[in-house]
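Protein chains in written order, with this note's numbering: chain A, 817 to 1520; chain L, 806 to 922; chain U, 134 to 203.
Simulated from the structure, these hints should not be mistaken for lab results.
Just so we're clear, the structure is a prediction, and the values are computed from it rather than from any experiment.
Keep in mind that the hints are not guaranteed to be accurate.
Unchecked claim - Each pair of labels, with its calculated beta carbon distance range: (1) A:LYS1271 x U:LEU146: 20 to 30 Å; (2) A:THR1357 x U:VAL155: 43 to 53 Å; (3) L:SER836 x A:GLU1004: 44 to 54 Å; (4) A:ARG863 x U:VAL155: 34 to 44 Å; (5) U:VAL155 x A:VAL1519: 45 to 55 Å; (6) U:TRP165 x A:ALA1349: 49 to 59 Å; (7) U:LEU146 x A:PRO1455: 52 to 62 Å; (8) L:PRO851 x A:GLU1005: 33 to 43 Å; (9) U:VAL155 x A:GLU1392: 55 to 65 Å; (10) U:GLY149 x A:VAL1497: 40 to 50 Å; (11) U:GLY149 x A:TRP1114: 20 to 30 Å; (12) L:SER836 x A:GLN978: 54 to 64 Å; (13) A:ALA884 x U:VAL155: 46 to 56 Å.
The C-beta atom is built at its ideal place from N, Cα and C for all residues, glycine as well.
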Amino acid sequence: MSERVAEATPSEVSARAMPADGVLHVPLLGNPNTGKTTLFNALCGLRHKTSNFPGTTQDARIGTLRRAMTGDSGAPEIHLIDLPGIYSVELDQSEAEVCRNVLAGRLSPKAEPFGDPEGVCVVVDATNLPRNLVLVGEVLRRRLPTVVALNMMDLARQQGRQINLRTLEEQLGCRVIAVSARSGEGLEELTAALFAATVPTRTPPGVQAELELWADRIASRALGASAGGLVAESVGSTGTAALPRASLTDRLDPILVSPWTGVPIFAAIMVGLFYTIFSVAHFPMDWIDAIFAWTTGWIESHLPAGILRDLLSQGVVAGVGATVIFVPQICLLFFLISLLEDTGYLARAALLMDRVLRPFGLPGHAFVPLLSSHACALPGIMSARVIPDPKDRLATILVAPFMTCSARLPVYVLVTSLLFRDRPLMAGLAFVGCYALGAGAGLISALIARRTLLKGKSRPMVLELPTYKLPSLRTAAITTFDRGLVFLKNAGTNILAICIVLWWLGSYPRVTPPPEAEVMRQQAVELRQIGEAETVPEKKTHTLEQAGAQSEAAERLIAAHAREHSYVGRLGKTLEPVFRPLGYDWQLTIGVLTSFAAREVFVSTMAVVVRAGDADLDPGDAGAVQSVQEATRSDGVTPIFTTATCWSILVYFVLAMQCLPTLAVTAKESGSAKWALLQFVWMSGVAYVAALVVYQALRLSGVA
Amino acid sequence: MSDSSANVVLNPPGCVAEVPTGALLALAGLSPGEIAHVATLGMDDPADNALLRAMGLRPGVRVRVIRLGQPSIVEVLGAEACGCACASRIGLTKELAAKVMVVRGEGQGVGGGSAAR
Amino acid sequence: MNVGVSNAVLASLPVGDWQFWVASVIAIGALWVVINSVVPSDWLPWKSKTKSTKASLTISAKRGEDRTDH
Chain A
817 MSERVAEATP SEVSARAMPA DGVLHVPLLG NPNTGKTTLF NALCGLRHKT
867 SNFPGTTQDA RIGTLRRAMT GDSGAPEIHL IDLPGIYSVE LDQSEAEVCR
917 NVLAGRLSPK AEPFGDPEGV CVVVDATNLP RNLVLVGEVL RRRLPTVVAL
967 NMMDLARQQG RQINLRTLEE QLGCRVIAVS ARSGEGLEEL TAALFAATVP
1017 TRTPPGVQAE LELWADRIAS RALGASAGGL VAESVGSTGT AALPRASLTD
1067 RLDPILVSPW TGVPIFAAIM VGLFYTIFSV AHFPMDWIDA IFAWTTGWIE
1117 SHLPAGILRD LLSQGVVAGV GATVIFVPQI CLLFFLISLL EDTGYLARAA
1167 LLMDRVLRPF GLPGHAFVPL LSSHACALPG IMSARVIPDP KDRLATILVA
1217 PFMTCSARLP VYVLVTSLLF RDRPLMAGLA FVGCYALGAG AGLISALIAR
1267 RTLLKGKSRP MVLELPTYKL PSLRTAAITT FDRGLVFLKN AGTNILAICI
1317 VLWWLGSYPR VTPPPEAEVM RQQAVELRQI GEAETVPEKK THTLEQAGAQ
1367 SEAAERLIAA HAREHSYVGR LGKTLEPVFR PLGYDWQLTI GVLTSFAARE
1417 VFVSTMAVVV RAGDADLDPG DAGAVQSVQE ATRSDGVTPI FTTATCWSIL
1467 VYFVLAMQCL PTLAVTAKES GSAKWALLQF VWMSGVAYVA ALVVYQALRL
1517 SGVA
Chain L
806 MSDSSANVVL NPPGCVAEVP TGALLALAGL SPGEIAHVAT LGMDDPADNA
856 LLRAMGLRPG VRVRVIRLGQ PSIVEVLGAE ACGCACASRI GLTKELAAKV
906 MVVRGEGQGV GGGSAAR
Chain U
134 MNVGVSNAVL ASLPVGDWQF WVASVIAIGA LWVVINSVVP SDWLPWKSKT
184 KSTKASLTIS AKRGEDRTDH
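For reference, chain A alone in the conformation it holds in the complex:
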């Protein structure tokens, strides 16, 4: 056995001298499902920031730990770097590579200075010592000052395990602190130990097979095994401890994982999840709408009229509002998914869904991101981090926007209510068809991607199924806060930016109002005068209403005319030939272009362009929507929304990439904007061709 006892060499001692920025950098490693995240949260709370490892798609959380006793000498602060969970540092996977490189000082998160870590903390699951100790051994080999955090002590005690800490410390050659991240036990001791960490006094074997045996031996000693027996009282005759909860898990797992029973349960849980999100998020969304409407009103009445005021109310407020309105849905989504994941259910669901997704080159883990994308692709893409294999993750990110998101719904409603005016059943079926088309296109695109660009073997589907436990509200809250912040920063800047750009392009160049508008205004003035002078009450009201309507119509005409001659309008007219084969005229082209900021903008844009209403049109405003539906093309006769055009628009919106914030998140999560570009080109191409085929096929078969 090549284990030896070693004293710290002089060079190792000097390596522990104060680092340049006065802060100790300590990576946090551990097997998956050891409560590493919970421990990180318990130690650092909200004092952390999210960065990423340059050159990889791994995110890095860096938390701050302050020394308890300020009187002690040495660094006052530790930067704890949360590394991905791995079973072994020596594996040939990207997560393991990141860990190797960080331990060797070859890789640091973006926000941190370069260099070797000053210490390491390994989180170990007390209920599964032998396997966890292998990772500990691999870390000890690297001879960094190491501390082992023996987590889940509460669980171990429940299971009747007694672990001799002193034996562990002696055998491993480093400090071992018993903690329970959930209850907070041992955290202070752990913090103190991290500040006082020393180089291990023993070196584990270098050969992997020997290391495994080494780990087994130490585990058995620490658990008090002697002559093959067990200290725990609940030992069965077979020599294995009868874990009290084992039988429940044994019975539950096959049910959750078998297709016949598992799929209905899964469907029920997912429906429940999304129903909760949509119904609960409704309230804050309404408040947000109200607040922003109020803000716009305040701006318009309190600030002097002028360009900057317009920029503020139509560009900035609209832009910020368009971002913030997503926040309730996104936070709820992350919160509930975090809870669900904590219980252990998601691992079973990933196993179940694997057989559905694998034919398309995607792993079972991809179902959470793909499902979430049905609410909004942004959090869906952000949650693709759960997918272990980088190629799988990338494929999922690329196709996630194909899933029908909630922003497409107003367009679906507009078009299907036109196509199936009095046939709600058909409209419903069309709706379902849209969802199916999106999901189908996404899955097939994933398959194509995996066969061409992202060629490579899929990682084998082998997954640890953690014990069921009650989810931690605290972890869920911190995760939600984290991800919500990332969303706001990312999407916020992008949506705001493009709203400002579109505002500018839509406001200039200025044109003089058309003469008809002036005529209508005059008429409105005259009607008003008549109305005021009128004595008969009903006639008076009627005339005043007419005056009001005429005045509004004049305003709408002016707005539509302005929009038509603005840069956006000119762009629409210029690009009209591109979209004519799909059945769109210049008005629809403008609608399609401006939807690039946010899809739901389509209805209100169309309303402005066809003079049916204002830019802040509520898609539920039936009257204006009807006007949009009945609006005509330039010839004044043909409706914009003919049957064939309707189908074409529907198909286009199902498949097209029309969301700049999604592109930005793709660029960020995939590590390179070229993937965002690919996503845009591919989805736009697919949408264009599909809409073209649909339109031309319908026309050829005689549909108007």
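We have chain A already, so just place chains L and U on it with the hints.
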């Protein structure tokens, strides 16, 4: 196999990667509830073997079958008579389960000889 | 493009209004944000593309770091 350090407890007997003698069969060929020793991992890619090993499915450990088919679930009971009583649950596809070769039985160090590898 | 049209366009941009210039600068800034976040870095001459990792001195970084020989 003793250590150089004087005050260390000697190895408890049986705590080595012993696989009892017996016929090799695939994990997929067992029945639910059976306990067996993992003998070899037969994945095409050695990196996959390394992954399974790192997750706990390595020669010498005992496993108990919870579910067979697609997907399969096994409980990893830990190395022979280590008294570790560590139980972790692993889910895997049936294709993988067909490549994990095991030997039936849960007995302690059968015949005293370290067997097939 | 004849001069008459461009004159007309310029005339319709309120170049005399200081607010117009402020708003336009802001809009250009917004455009820059948009381009930055979506266009690949290779096409953007101003983006730093260096990866901040040290060069690996071993062919495969696997076994190089057992620091017993510090």
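Are there hints from earlier that the structure breaks, and if so, what are their numbers? 1, 7, 9, 12
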